[in-house]
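2 protein chains.
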Amino acid sequence: MEQWKTVSRRTILAHDKFLTVEAHQVQLPDGQLIDDWSWVKTPDFVNVVAVTEGGQFLCFRQVKYGIEGTSLAPVGGYIEPGEEPLAAAKRELMEETGFLAARWTSLGDYLMDPNRGYARGHMFLAEGAREVAAPDADDLEEQLLMRVSRQEMEAGLNAGEFKVVPWSLAVALALRRLEQNGRV
Amino acid sequence: MEQWKTVSRRTILAHDKFLTVEAHQVQLPDGQLIDDWSWVKTPDFVNVVAVTEGGQFLCFRQVKYGIEGTSLAPVGGYIEPGEEPLAAAKRELMEETGFLAARWTSLGDYLMDPNRGYARGHMFLAEGAREVAAPDADDLEEQLLMRVSRQEMEAGLNAGEFKVVPWSLAVALALRRLEQNGRV
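Here the protein sequences line up with chains A and B, keeping their order. First residue of the first sequence: 1, per my numbering; consecutive thereafter. First residue of the second sequence: 1, per my numbering; consecutive thereafter.
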């Protein structure tokens, strides 16, 4: 199978640091040209499922502009320009919760939209987390930090209470990994 | 916790049927106004993890413009205007594989981006699938339909071979559901 080729690209919307849209001229393997293939760029991000030394999960109840009502959410945020994903994950865990984790496991990184890009999400499991500071998040949204059991995470995932695609993915992958490692 | 309010919205990019961008004026609970909050609209979509009567999983090896190399992928596609998500799921399964499934389970629907919307992904598990026709997909991409074992799906998920956030979520949720239902 052959990749599609990017022949040229031009910016058609430079909104702010959170959103740029490009139009690409794309060449298919059979030579066919598509002139106006849209390609969307938003910041890459991390999501972190954090488990405390005592085996509890750090989890938010929060509001977000796009979500009706509230949602459960793992730790997460945008990667800063030039920042490594793991460094961003550690920074977001500290800023949002004040916790420091002893063991970090990558759960992979994934593209949001196979057609139009959008962003890459880097998923992490953080174990052995302990509280070392007060949270210091600069997010505009209200959020309530909770410590919940594995059973509550499972139930929340099953019920669709993590209402965002990458949030549910982070939780599902973390629960799988903990089970596979026998750390249920 | 209080929702943010949309005060007004205007279209700032109407690219094609696959992409519209709006700028919203948004009011925060404390009264603060944000003038240029970007909101991105692409079509809602379905992903379907299909299991045959014989217990094999239908899975693609495919190329996509945004993906380097190839990726494993479940059945999936855009919901047509006015179409119900389950109807879209059944249509995509038939078009992409020629299979009809006896039992359908919703695995929930999830927003792609809690800040900027983007699209809603509806996830399904389809069981008891049997081949009734030849595939008739109108997708531009090359894709190879495979029947794989549960172990191969598990290994692919663990290795990050489903390279897209919603694809990995569909697979992770389907595997969970099958395990919970004792249909391993």
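The reader is advised that the hints may include incorrect statements.
Repeated chains share a single entry, so a pair holds when one copy, or any two copies, can fit it.
[Said to hold, decoys possible] When the alpha-carbon atoms are kept at most 25 Å apart in a straight line, the in silico DMTMM-like pairs for lysine to aspartate or glutamate are as follows:
id	residue 1	residue 2
1	Lys5	Glu154
2	Lys90	Asp35
3	Lys5	Asp16
4	Lys17	Glu95
5	Lys41	Glu152
6	Lys41	Glu154
7	Lys90	Glu2
8	Lys5	Glu161
These are computed hints drawn from the structure, not numbers from a lab.
Check the structure against each numbered hint from earlier and tell me which ones fail, lowest number first.
1, 2, 5, 6 and 7
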